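In my numbering, the protein residues as written are 1 to 329.
Because the hints were derived from the structure by calculation, they are not lab data.
Take these hints with a grain of salt, some might be off.
[What the hints assert, rightly or not] Here are the simulated SDA-like cross-link-like pairs (lysine to any residue), alpha carbons at most 25 Å apart as the crow flies:
| # | residue 1 | residue 2 |
| --- | --- | --- |
| 1 | K57 | L225 |
| 2 | K60 | S200 |
| 3 | K57 | G75 |
| 4 | K37 | V173 |
| 5 | K60 | N208 |
| 6 | K224 | S119 |
| 7 | K60 | E40 |
| 8 | K60 | G12 |
| 9 | K60 | P47 |
| 10 | K143 | A44 |
| 11 | K60 | W90 |
| 12 | K303 | Y175 |
| 13 | K224 | M213 |
| 14 | K143 | S115 |
| 15 | K60 | H25 |
| 16 | K143 | R36 |
| 17 | K37 | S226 |
| 18 | K60 | R36 |
| 19 | K57 | R36 |
| 20 | K37 | D201 |
| 21 | K57 | G96 |
| 22 | K37 | I52 |
| 23 | K57 | M1 |
| 24 | K224 | T106 |
| 25 | K224 | N208 |
| 26 | K37 | Y61 |
| 27 | K60 | A9 |
| 28 | K303 | P267 |
| 29 | K143 | P164 |
| 30 | K60 | G96 |
| 31 | K37 | S73 |
| 32 | K37 | H25 |
| 33 | K37 | A202 |
| 34 | K60 | T106 |
| 35 | K57 | I74 |
| 36 | K37 | S200 |
| 37 | K37 | G223 |
| 38 | K37 | A151 |
| 39 | K303 | C292 |
| 40 | K37 | I294 |
Remember, it's a predicted structure, so these values are computed and weren't measured experimentally.
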Amino acid sequence: MRALVIQTAFIGDVVLASATVESLHSAGFEVHIMVRKGNEQLFADHPFIRHIYVWDKRHKYISLLSNLRYVRSIGFDVVINLQRYGTTAWFTLASGARIKAGFRTTIASRFYTHSILYSTATPEHEVERNYRLLSSAVQADAKPPRLYPSAADYEAIAPFTHQPYVCIAPTSVWYTKQLPMEQWHDVIRALNTNVYLLGSDADSPVCNQLAAMAGSLTTNLAGKLSLLESAALISRASCTIANDSAVTHIASAMDAPIVTIFCSTIPEFGFGPLSSVAAIVQTTQTLSCRPCGIHGLAQCPEKHFLCARSIGTSQILSAVNSISTLRGM
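Given the sequences, and given the hints that come with them, work out the whole structure.
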């Protein structure tokens with residue numbers, strides 16, 4: 001039996017989709033996956049994925065049709081579409097698969113053979129939502145997300161692991177999901193340990209400024225590591241601290257200690273940490289404006305950004321200390 005998993009959203013969504021890959025593999029399927037260009041590196045040399053289909057959204061329909069021709073020529077028994085938008089819904093319907101499953105979020109979704117409603121109104125994790133979709137179509141056990149850095153990935157990060165360290169991912173695509181830099185600076189100074197800043201190439205200038213402010217114990221690695229090298233580094237860290245962002249999900253997929261800070265978003269949306277040792281930090285104030293959106297916004301609609309600014313350094317340090325206690329450090 002051959003199955004295709006489709007998740008063409010952002011890095012964090014793709015990491016969470018790895019749980020579906022694990023479930024399908026455990027049920028005996030030959031597993032393939034389709035992701036947007038750039039995210040394929042998450043599954044380099046993956047032990048359970050036979051083939052990765054890459055959708056280059058710069059050449060949207062040309063790339064999609066090329067992938068569709070290949071998918072149809074291979075022949076799939078099952079397509080599980082975890083993406084919730086129309087383009088991948090039509091792709092799923094045109095795949096030729098006997099079982100076509102997806103969330104009931106578009107007009108095209110009414111033609112799936114199996115579908116369920118998607119909602120963030122109940123406190124259900126995204127991995128659980130994905131599993132409900134999967135289990136509506138095939139028999140498979142629930143599995144956690146997992147990534148597989150290679151020996152070369154661990155070798156690449158070895159020079160950074162000679163002393164205890166904390167990883168921090170201080171940025172987000174969305175302004176309102178990101179703790180302000182001055183607060184990150186206070187946290188780093190209070191930690192008084194080796195800190196590695198993680199992020200993309202685009203995050204590097206901000207991380208450079210933060211590293212310069214924070215002092216000699218802080219090193220900017222934003223844009224310098226691949227996603228799987230970052231996963232390897234996170235797996236060896238005393239703790240990782242991140243916004244509600246992809247790094248939280250990478251830590252979860254490595255079952256690495258993680259502290260996740262929620263600013264404008266809330267854990268109840270279903271994107272909290274899944275690691276066996278994890279903590280959540282959020283404002284203790286009751287704010288009528290929070291949450292202001294599931295994805296975050298480019299600026300605070302109320303102009304005060306209290307959901308982030310009211311989070312104290314002591315709250316974050318307390319969460320880090322609780323991680324250390326749970327790990328017996």
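So, going through the hints one by one against the coordinates:
Using a Cα cut-off of 25 Å, the hinted pair K57 and L225 holds, with the two alpha carbons roughly 23 Å apart. Of the pairs offered as hints, the one joining K60 and S200 holds, with about 23 Å between alpha carbons and a cut-off of 25 Å not exceeded. For the hint pairing K57 with G75, the CA-to-CA distance comes to about 24 Å; that is within 25 Å, so the pair holds. The hinted pair formed by K37 and V173 meets the criterion: a straight-line CA distance of about 17 Å does not exceed 25 Å.
Restraint check for K60 and N208: not satisfied, since their Cα atoms lie roughly 34 Å apart, outside the 25 Å limit. For the hint pairing K224 with S119, the CA-to-CA distance comes to about 36 Å; that exceeds 25 Å, so the pair is violated. A hinted pair counts as satisfied when its Cα atoms are at most 25 Å apart, and K60 with E40 qualifies at roughly 16 Å. Restraint check for K60 and G12: the C-alpha separation of about 21 Å stays at or below 25 Å, so the hint holds.
Of the pairs offered as hints, the one joining K60 and P47 is violated, with about 29 Å between alpha carbons and a cut-off of 25 Å exceeded. Between the alpha carbons of K143 and A44 the distance comes to roughly 20 Å, so the proposed pair stays at or under 25 Å and holds. Taking the CA atoms of K60 and W90, the gap is near 14 Å; set against the 25 Å cutoff, the hint holds. Restraint check for K303 and Y175: the C-alpha separation of about 12 Å stays at or below 25 Å, so the hint holds.
Only pairs whose Cα atoms come within 25 Å are accepted, and K224 paired with M213 is accepted, the gap being roughly 20 Å. Using a Cα cut-off of 25 Å, the hinted pair K143 and S115 holds, with the two alpha carbons roughly 20 Å apart. Distance hint between K60 and H25 is unfulfilled; the C-alpha atoms sit about 29 Å from each other, more than 25 Å. Taking the CA atoms of K143 and R36, the gap is near 23 Å; set against the 25 Å cutoff, the hint holds.
Between K37 and S226, the direct Cα distance comes to roughly 14 Å. Compliance with the 25 Å bound is thereby established for this hinted pair. About 10 Å separates the Cα atoms of K60 and R36, which keeps this hinted pair within 25 Å; it holds. The straight-line distance between the Cα atoms of K57 and R36 is roughly 7 Å, inside the 25 Å bound, and the hint therefore holds. The hinted pair formed by K37 and D201 meets the criterion: a straight-line CA distance of about 16 Å does not exceed 25 Å.
The straight-line distance between the Cα atoms of K57 and G96 is roughly 22 Å, inside the 25 Å bound, and the hint therefore holds. For the proposed pair K37 and I52, the alpha carbon gap of about 10 Å is at most 25 Å, so the pair holds. For the given pair, K57 sits about 29 Å from M1 by alpha-carbon distance, which is inconsistent with the 25 Å threshold. Note on K224 and T106: the hinted pairing is violated, with a Cα-Cα distance of about 39 Å set against a maximum of 25 Å.
Restraint check for K224 and N208: the C-alpha separation of about 12 Å stays at or below 25 Å, so the hint holds. As the CA atoms of K37 and Y61 are separated by approximately 14 Å, the hinted pair is consistent with the 25 Å bound. For the suggested pair K60 and A9, the alpha carbons sit about 14 Å apart, so the restraint of at most 25 Å is met. Annotation: proposed proximity of K303 to P267 holds, straight-line Cα distance about 23 Å (limit 25 Å).
Restraint check for K143 and P164: not satisfied, since their Cα atoms lie roughly 30 Å apart, outside the 25 Å limit. Only pairs whose Cα atoms come within 25 Å are accepted, and K60 paired with G96 is accepted, the gap being roughly 21 Å. Among the hinted pairs, K37 with S73 is consistent with the structure: their alpha-carbon atoms are about 21 Å apart, no more than 25 Å. Straight-line distance between C-alpha atoms of K37 and H25 comes to about 23 Å, which keeps the hinted pair within the 25 Å bound.
About 17 Å separates the Cα atoms of K37 and A202, which keeps this hinted pair within 25 Å; it holds. A distance of roughly 19 Å separates the Cα atoms of K60 and T106; the hinted pair therefore holds under the 25 Å criterion. For the hint linking K57 to I74, the alpha-carbon distance of about 22 Å falls within 25 Å, and the restraint holds. For the suggested pair K37 and S200, the alpha carbons sit about 15 Å apart, so the restraint of at most 25 Å is met.
With a C-alpha separation of about 17 Å, the suggested pair K37 and G223 falls inside the 25 Å cut-off, and the hint holds. As the CA atoms of K37 and A151 are separated by approximately 24 Å, the hinted pair is consistent with the 25 Å bound. Taken as a hint, the K303 and C292 pair is honoured in the structure, with Cα atoms around 12 Å apart against an allowance of 25 Å. At most 25 Å may separate the alpha-carbon atoms for a hinted pair to count; K37 and I294 meet this at roughly 24 Å.
Violated hints, listed in ascending order, are 5, 6, 9, 15, 23, 24, 29; each of the other numbered hints is respected by the structure.
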